[in-house]
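The listed protein sequences correspond, in order, to chains A, B, C and D.
Per our numbering, residue 1 is the first one in the first sequence, and the count goes up by one each step.
Per our numbering, residue 1 is the first one in the second sequence, and the count goes up by one each step.
Per our numbering, residue 1 is the first one in the third sequence, and the count goes up by one each step.
Per our numbering, residue 1 is the first one in the fourth sequence, and the count goes up by one each step.
I should point out that these hints are in silico values taken from the structure, not numbers from a laboratory.
You may find that some hints are simply not true.
[Said to hold, decoys possible] No farther apart than 16 Å at their CA atoms in a straight line, the calculated lysine to aspartate or glutamate pairs in the EDC-like style are these:
1. LYS131(C) with ASP56(A)
2. LYS236(C) with GLU259(C)
3. LYS293(A) with GLU287(B)
4. LYS5(D) with GLU284(D)
5. LYS328(B) with ASP230(B)
6. LYS294(B) with GLU286(A)
7. LYS164(C) with GLU57(A)
8. LYS293(A) with GLU290(B)
9. LYS294(A) with GLU287(B)
10. LYS294(B) with ASP20(A)
11. LYS264(D) with GLU242(D)
12. LYS164(D) with GLU57(B)
13. LYS293(B) with ASP211(A)
14. LYS193(D) with GLU196(C)
15. LYS328(A) with ASP211(A)
16. LYS131(D) with ASP56(B)
17. LYS50(A) with ASP11(A)
18. LYS294(A) with GLU286(B)
19. LYS294(B) with GLU290(A)
20. LYS193(C) with GLU196(D)
21. LYS293(B) with GLU290(A)
22. LYS187(A) with ASP20(A)
23. LYS30(D) with GLU242(D)
24. LYS294(A) with GLU290(B)
25. LYS131(C) with GLU57(A)
26. LYS131(D) with GLU34(B)
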Amino acid sequence: MSLAINKPRPDTMVQMTFLDALVQAQIEELERDERVIVMGEDIAVYGGGKLVSRFDERRIWSMPISETSFTGVGIGAAMTGLRPIVDLSIASFMYLASDPIINQASKLRYMTGGQVKVPVVFRCCMYYGSSLAAQHSDRPYPQFLNVPGLKIISPTSPADIKGLLKSAVRDDDPVLIFEDTKLWPVKGEVPTDPDHLVPIGKAEIKRAGSDVTVVAIGGAMRLAMDAAKDLAEEGISIELIDPRTLKPLDMDTIMASVAKTGRLVLVENAHRVANLSSEIAALIAEEGFESLKKPIRRLCAPDVHVPFSPALEQHVFPGKAQIVAAVKGLM
Amino acid sequence: MSLAINKPRPDTMVQMTFLDALVQAQIEELERDERVIVMGEDIAVYGGGKLVSRFDERRIWSMPISETSFTGVGIGAAMTGLRPIVDLSIASFMYLASDPIINQASKLRYMTGGQVKVPVVFRCCMYYGSSLAAQHSDRPYPQFLNVPGLKIISPTSPADIKGLLKSAVRDDDPVLIFEDTKLWPVKGEVPTDPDHLVPIGKAEIKRAGSDVTVVAIGGAMRLAMDAAKDLAEEGISIELIDPRTLKPLDMDTIMASVAKTGRLVLVENAHRVANLSSEIAALIAEEGFESLKKPIRRLCAPDVHVPFSPALEQHVFPGKAQIVAAVKGLM
Amino acid sequence: MSLTKGRDSETYRRMLRIRKFEEEGTRLYKAGKIPGAFHASIGQEGTIVGACIALCDSDAMTGTHRSHGHPIGKGAELKALMAELMGKATGICKGRGGSMHLADNSVGIIGESAIVGGGIPLATGCGLSAKVRQTDQVCLCFFGDGAVNQGTFHESLNMASLWKLPVIYLCENNGYAITTSIARSHGQPNIAKRAEAYGMPGIAVDGQDVREVYKATSEAVARARRGDGPTLIEAKTYRFDEHQVGLFIPGTPYRHAEEVETNKKLRDPLLLFRRALLDTSFSEAELHEIESSVVAEVRDAIQFAEASPFPPASALYDYMYSNPILYPPQGATSAV
Amino acid sequence: MSLTKGRDSETYRRMLRIRKFEEEGTRLYKAGKIPGAFHASIGQEGTIVGACIALCDSDAMTGTHRSHGHPIGKGAELKALMAELMGKATGICKGRGGSMHLADNSVGIIGESAIVGGGIPLATGCGLSAKVRQTDQVCLCFFGDGAVNQGTFHESLNMASLWKLPVIYLCENNGYAITTSIARSHGQPNIAKRAEAYGMPGIAVDGQDVREVYKATSEAVARARRGDGPTLIEAKTYRFDEHQVGLFIPGTPYRHAEEVETNKKLRDPLLLFRRALLDTSFSEAELHEIESSVVAEVRDAIQFAEASPFPPASALYDYMYSNPILYPPQGATSAV
Ligand SMILES: Cc1ncc(C[n+]2csc(CCOP(=O)(O)OP(=O)(O)O)c2C)c(N)n1
Ligand SMILES: Cc1ncc(C[n+]2csc(CCOP(=O)(O)OP(=O)(O)O)c2C)c(N)n1
Ligand SMILES: [Mg+2]
Ligand SMILES: [Mg+2]
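Based on the provided sequences and hints, a complete structural model is requested.
The structure is reproduced here in structure tokens:
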């Protein structure tokens, strides 16, 4: 009896960081399904210490520095019965994996007329804002939005990273996870239920409101939440949306909100040209035009590389003050 | 005296195809500046027969199938005194070159604080619409729009490919040329002036009009021209714009046109998510919102891979009828 | 070690299937019935079939843009392959792959990559998967001499050697990558020797001698199944036709007409094998029977393909995802 | 062949500069005065300087994320390097590069790539350029043992061998890529041997013996200048500090504390060289003079760096393009 009490009930929540939730999700999936493996370089260094100590080398594969091919190895393994989680570590390195991700993972199911499936997950960590300079600071997900056949997620809370990573592992298609490492230390309530799944393709309304719709992506979400709180004190009501899945995009939720508010601010740390905000703005300009009362506002990183010096880098990413100002500008 | 008469005057025009203009531009630049070299696989097979027969192996370099590295070789050569034209042949192969293009070519000037320049040109040919299937049919330029530090051009007339390719070779920054191979056989008047340059960063108004602004990119331009002609007969006046340079985008020209017409149709053969049309639509929704009388309309390839079978592929790309219908839908 | 008569018969049948399938395919291509690009393996049948016949049905395989021979060599039926070439709904890839991508998963082919070198990591991943799944499956990985210069060759062979993966890397060395000879692209022309860099055995064989290819591959398969790791096999072969049917190459020819003629006359793997079979265990009549049955198979495949419907426009999105999620409806603002 | 006294003196000076520069840098990093990540080359000075000293001033070079040693080894002044580490406007890269990218073009460095393996094609391109320009410039290309597994190593060495490019590929083999040993990542551990795959000479040297590295590199440089092509040199060296200052690595250590201690005690390139110099041509006083002048140089560099201003926000876009074209104005809808 006492044992049963110690075992957490499915609806129990625990407080943990985003990074812990991320690791916990992998541990649970590795334990649930022996087809799941993890592949990556220096896994312990990039936050996966618990994985390395818990599972043997047949489950956790240490990779040579060969990103192009080990990505292809993950795809080949996925096509032949495994469900690999490929850790590409810093997102700036993933251009080395562009070819296998785009030409193989995203295309093979279609090109074989459905003969194969490609259940592979790619983890890409977006480090920026910590003086690593341009070769380590990319947020490259906008480039992959244009590629058919991929699913792309970028959760912003511990519960969501756990639930979406698990959904990704259980999904039969290639899923790219873009983790904003600024979120790694963020704490939150996370369900202990080993089958806690957050559906791919569903946005979340973080905060309901009526004056202005704000869509914030990745690390920008924390600032947007703070901005919404400040604005509420001034009597401005923000409806704050987290797309969570970047492809396919849940436009129904965004469109319904804009239909209500008629005002839209998009906040994103990726470079501004042809990013997710561009796509959302375009879709609204096409299909939500009649509801728009004011011009759309995008707050993004400008079209410049991320500089090393903190004196410069601090000016690259949108801050809370800009979000507040943009919202007020629309009132 | 007779010699002088035979020598074409600078303002002489000749009729030639897009492909001939493309080759002619390279011949002239190779002859003008001995720092210019051409690098690529099977250059004669991809339309460069004249280059191979005219210049020796010190100017025309035949590459092994090593796209990642020979792209880097071109960048290294550009940083040390040459002005290479790197022929990546079919654009679907360029993902193998994403890392050196993004992490090196686009970043090195900035990351070295201006100590180096990277005068390299990449030619990427977009083949599609001829049953080559998904691994040979990509139009990947939308992905590179998001990358700071690159210049991207996609001319649509023989005169423009000649003048823009020459500008690209003479430019000190990395320039990507996305050639729509559907345009290769198109004929037009081309200046024989060896210094015929078309400026990077300037759009062209192909046809002035007052009712609807149509922006068409690459191969879509020919259909848009036909559509504009048909619509003119029905009394609808199209202002047709060719951006020519996709990055940096000449938004002044587009914005001025939309200010006049209040209606915008975007036509593009790239996949629809986060492409150039998304960016243009977003910019208009931000800065041209007050002039917009109607929702923006985008006509693009859908979010599906290019299938092999002509029975399917014919449904992927926007056609003249769709352009006409979209324009009429806005009247 | 000599092959059994049954295996000889199947070997000859598959080689001939490739030859006839592609001869007819070339004709149909020139007649405009097959769209896209058509790369024939004619001349390379000994290499392909010699290697494939050393596998079990449950073994896996990856191929290249020159993709017709690989499934046929592995035992695929011809109908769905021919229908695929014509872009029909009954094609092995439902009309989505075409000539460069005739992957037939039912015989173990996990992909035919038209990205040169792109299949090498996939095969390596299949090897890794076999190891994790603790089966005795091996994976045969085909690629050309040109693909050897891709980074994926290097990275993948290193990993396979490191982890002793059950993969056979089989280089169809036909001497050229489109127009580029080995001398103009390889710093060191001996491809088998490259294996040493990875601590892997590298073997060169006469790719026109199907039995020699079979023997080398069988040994590599046995080695892989024993858990002793991968092998690189370089099969020296020759492509009789142009890189791609109808490809026009301006300027000085990259290979001499004589070279081609000599190879066709003296180094035709089908003629060589036929002669060897007659010299040992087969009668003219027996071979003739195989030949006419193959001709009939190819004819039936063409009939099947021609009679098949094209996929309808409404099927454009089929097979994009295994688990589709549609926000917004896919065609919403698109051309369709 | 022994180095001349002048060269010995310069060699010792540069080795010591790296050591002192990085010791002070580590201190400043821990004190929060240097942002980002800091990878020290301490322990690898013999390899770096031995190779660099074999070059002429006009020769070119590429390096890695472990980027401080390369410019110092090539003769760079310390002030702009230290200012760069601190993200100052007077930094060698105007504060845009930082610790992983201390490229100093004035001493011939065309790039320090923090993308592992990314510099190898650039160096090869420099070799191609030298050949086209018909100069006798050579390019020295540094990379680590981990980078050997990148496709760029394979592709680039093949091209350099094919075209006999004047490039020296110098592998700083310190035994580890972050936590990954050679045994856990290389199918075949002998890196020098990989050269054979490309038809290129491959030489292994003791990277802690600066004279041995100098000798091997000098021969490779002479070979390259003669037009005889590239060489791969594997210098066996050791990194005394952690991969990156302050990096926490959970779990079982990837290298034994004893291994580190033994190397520091018995295989310190500076101690070994100092002893050799004393044994032959230098007095304590002479070495002492070099030592105090280096200490002063480093101190001056720190003073210079600390006194320098940060780049102003208005400079964010500077150095993006050589030929800027601005449509629309860059910051228009951005955060700035
Ligand atoms: C990554 C990539 N680069 C270039 C091409 C264009 N291409 C198609 S086949 C081929 C030659 C391949 O040569 P090889 O590997 O020897 O195979 P073979 O054609 O001789 O069978 C090339 C360069 C391609 N399909 N993929
Ligand atoms: C393409 C790429 N992959 C991974 C990394 C992360 N990373 C930085 S240094 C390093 C290890 C490099 O090892 P080695 O080449 O031996 O150089 P060392 O650090 O030992 O000097 C890795 C994996 C990177 N910077 N670039
Ligand atoms: Mg070949
Ligand atoms: Mg190392």
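Here's how the hints hold up against the structure:
1. LYS131(C) with ASP56(A): 14 Å, holds
2. LYS236(C) with GLU259(C): Between LYS236(C) and GLU259(C) the Cα gap is close to 14 Å, so the pair holds against 16 Å.
3. LYS293(A) with GLU287(B): Holds: LYS293(A) and GLU287(B) sit about 14 Å apart, inside 16 Å.
4. LYS5(D) with GLU284(D): 14 Å, holds
5. LYS328(B) with ASP230(B): OK: LYS328(B) and ASP230(B) at ~12 Å, within 16 Å.
6. LYS294(B) with GLU286(A): 9 Å, holds
7. LYS164(C) with GLU57(A): 14 Å, holds
8. LYS293(A) with GLU290(B): It holds: about 10 Å lies between the C-alpha atoms, which stays within 16 Å.
9. LYS294(A) with GLU287(B): The hint holds at about 10 Å.
10. LYS294(B) with ASP20(A): 49 Å, violated
11. LYS264(D) with GLU242(D): 13 Å, holds
12. LYS164(D) with GLU57(B): 14 Å, holds
13. LYS293(B) with ASP211(A): Cα-Cα ~23 Å, so violated.
14. LYS193(D) with GLU196(C): 8 Å, holds
15. LYS328(A) with ASP211(A): 10 Å, holds
16. LYS131(D) with ASP56(B): 14 Å, holds
17. LYS50(A) with ASP11(A): 24 Å, violated
18. LYS294(A) with GLU286(B): Measuring from Cα to Cα gives roughly 9 Å; hence the hint holds.
19. LYS294(B) with GLU290(A): With Cα atoms ~8 Å apart, LYS294(B) and GLU290(A) stay inside 16 Å; holds.
20. LYS193(C) with GLU196(D): Judged against 16 Å, a Cα distance of about 8 Å means the pair holds.
21. LYS293(B) with GLU290(A): 10 Å, holds
22. LYS187(A) with ASP20(A): 9 Å, holds
23. LYS30(D) with GLU242(D): Holds: LYS30(D) and GLU242(D) sit about 14 Å apart, inside 16 Å.
24. LYS294(A) with GLU290(B): 8 Å, holds
25. LYS131(C) with GLU57(A): 12 Å, holds
26. LYS131(D) with GLU34(B): 13 Å, holds
Violation of the numbered hints given earlier is confined to hints 10, 13 and 17; the remaining hints are satisfied by the structure.
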